[in-house]
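Taken in sequence, the protein lines are chains A and B.
At position 117 of the first sequence the residue is numbered 117 (our numbering), and the sequence of numbers has no breaks.
At position 132 of the second sequence the residue is numbered 132 (our numbering), and the sequence of numbers has no breaks.
With a straight-line Cα cutoff of 25 Å, these simulated SDA-like cross-link-like pairs (lysine to any residue) come out:
id : chain 1 : residue 1 : chain 2 : residue 2
1  : B       : K112      : B       : A195
2  : B       : K394      : A       : Q18
3  : B       : K235      : B       : S252
4  : A       : K123      : B       : Y5
5  : B       : K11       : A       : L104
6  : B       : K11       : A       : R140
7  : A       : K73       : B       : N314
8  : B       : K392      : A       : Q25
9  : B       : K7        : A       : R125
10 : B       : K394      : A       : Y17
11 : B       : K7        : A       : R144
Simulated restraints on C-beta separations:
id : chain 1 : residue 1 : chain 2 : residue 2 : range
12 : B       : K7        : A       : W14       : 40 to 46 Å
13 : A       : K77       : B       : A384      : 27 to 33 Å
14 : A       : K181      : B       : V369      : 54 to 60 Å
15 : A       : N177      : B       : L18       : 28 to 34 Å
16 : B       : L18       : A       : S146      : 16 to 22 Å
Since the hints were made in silico from the structure, they are not lab data.
Note that the coordinates shown come from a computational prediction; the quantities given were computed from them, not determined experimentally.
By construction, the Cβ of each residue, glycine as well, lies at the ideal position given by its N, Cα and C atoms.
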Amino acid sequence: MAKKGAIIELRDVWKTYQMGATTVQALRGISLQIFEDEFVAVQGPSGSGKSTSVNMIGCLDLPTKGSIFLDGKDISKLSESELAQIRGRRIGFVFQQFNLIPTLSAIENVMLPMTFQGVPFEKRRERAENLLKLVDMDDRANHRPSELSGGEQQRIAIARALVNDPEVVLADEPTGNLDSKTGAMIMDFLKKLNKEGKTIVMVTHDNNLARKAERVIFLKDGEIVKHLS
Amino acid sequence: MIGDYFKLSIKTFRARKLRSWLTMIGIFIGIAAVVSLVSLGQGLQKAIGDLFNQMGTDKIMVTAGSAFMGLSVGGIELKEGDLNVIKKVSGVDLAGGYIYKFAQMKFKDQTKYTYVIGYPLDESRRLIAEVAYFKISEGRELKQGDKYKADVGISLSEGKLFSKKVSVGDNIEIEGRNFNVVGGMERIGNPQDDAQVYIPMETAREILNVPEKYDMLMAKVSDAGAVQQVADRIKKRLREYRNVKEGEEDFSVETINDLRDTYGTVMAIIQAVVIGIAAISLFVGGVGIMNTMFTSVLERTSQIGVMKAVGAANHDILMIFLVESGVLGLLGGAVGIIFGMLISKFVSYITVLAGITYIESYFPWYLIVGALAFSFIIGMISGAVPAYRAMKMKPVDALRYE
Ligand SMILES: Nc1ncnc2c1ncn2[C@@H]1O[C@H](COP(=O)(O)OP(=O)(O)O)[C@@H](O)[C@H]1O
Ligand SMILES: [Mg+2]
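The whole structure should be built from the sequences, with the hints applied where relevant.
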């Protein structure tokens, strides 16, 4: 049973990837809960399954074995389109590579997730403008990603993650491609979002950043080896 | 929503390489072929339809040998007796004929050779004029009682055959006889016809030494609806008169409808060839678009992952790529339409220059819209498999793709 207040729960989640002849055990029986309004950091060596578990939390992938509960409901059997709906409305993703669409301007990138939710154009633009203000990028609205610095791109990406007002923001090494100063700024921003009521799960290599989280989950070889709170 | 897919696809185009535009050449050629075919086809049909309507559907033409468009072949001749047979066939209202012969002509010390038409002066004159498109534009027609009078084709009036213009009142010499010009003809359209000189039939028989032969016989039926039956009766009577078996006729009887059918067949063949070319080009273009789209899907794998992560459902991804390939087709089609229009304009321009009838090119809105829709659909069909592949990508795999 999911505990009261747990938005997302992974219960004994296993994930096996088939790479040609070899199988990779990315996750081996992970169980964890993400509660409302938390700031959780995920740490661990490269290849330990951090991204895979965050993707599971974000309904981007389904387990080979085990279950995922969202608000106490098992989502492991949902169709790809139903999962897309959940991702679009309730989850916001921030990636290490920023992953903005290079052919779209900053504001168009921010508007994109609303397009998939059928939000009318005027409303999309208004909301995107507000979010660009929030991340202090409103003066760069019409620039293309290639014309922006890494820190600026990541701020656009955060605005994009927030645009459908999700409950949970998942950030997979959001500062991994940024210098430490810019990284600290992004971190402060995520902290601020958390104070305003967003649940945040952040993968990071940086111990200093991880220390600012309420809870830290350590992964190794697809298992949780340590859990600090 | 569909508008958003369009916007998204337009954005990708500025990043496109020349290579992907080149793949659209097939679509471009195919659509150009279709557009020029349709736009000229209508004009051609109208031009020919007008021509036939002018001739009238109540006319029957009889020529010696097996004939195509009044061109007699072989040494077989039609004579007065044949004309009399035709006149007596029931349903025939009026019948007549004319002769033509290449003859020497002199005007102001200049000598040329051109066709002389021996033209009946009786009531059958109207009939001939209608079918052969002889229309007076200045002066007067030949009339009963004229002997050494002539009407001249427009090439002579315009000073194209002889270096000087031949006007009403001038004298010209045909085969050594002097003729007084009483009228000039309207333009027929083809240079040879426009250089003709018309003289009374009896005079022509005398000076050209054609005592009995007719080059063309014509009949007008009293009921246009029964023209085919009358034509069949004429054929039967002429067989009896000329003593030939069915299927071995040394003459041919044609109605305007037959001519129309012959033209129709020729047109259908031309159309089939052009459509064949268009189909091959469109197929090649379609393969090109498919190839471009496969590349595009592969290049944008991680973008597909991102879009799925931010909430794009499978049908969104499918539509994004379908619309994109549709727009590729559409752009190829748009260029093709412009090119097809230029081709049509050019063809109608040279038909005028060449003096053939004026073939107008038509560009009705439904041709333009239809061609655009058609090229869009071809693009979408070509992009279907790549788009399906994009849709089926697993978001995590797509995100990991470098
Ligand atoms: N989509 C995938 N296909 C195949 N192997 C994968 C896939 N995703 C992850 N893996 C493998 O699973 C293991 C865990 O990967 P990941 O979760 O990305 O680790 P981390 O984010 O901690 O570096 C790695 O060995 C990786 O190569
Ligand atoms: Mg990772």
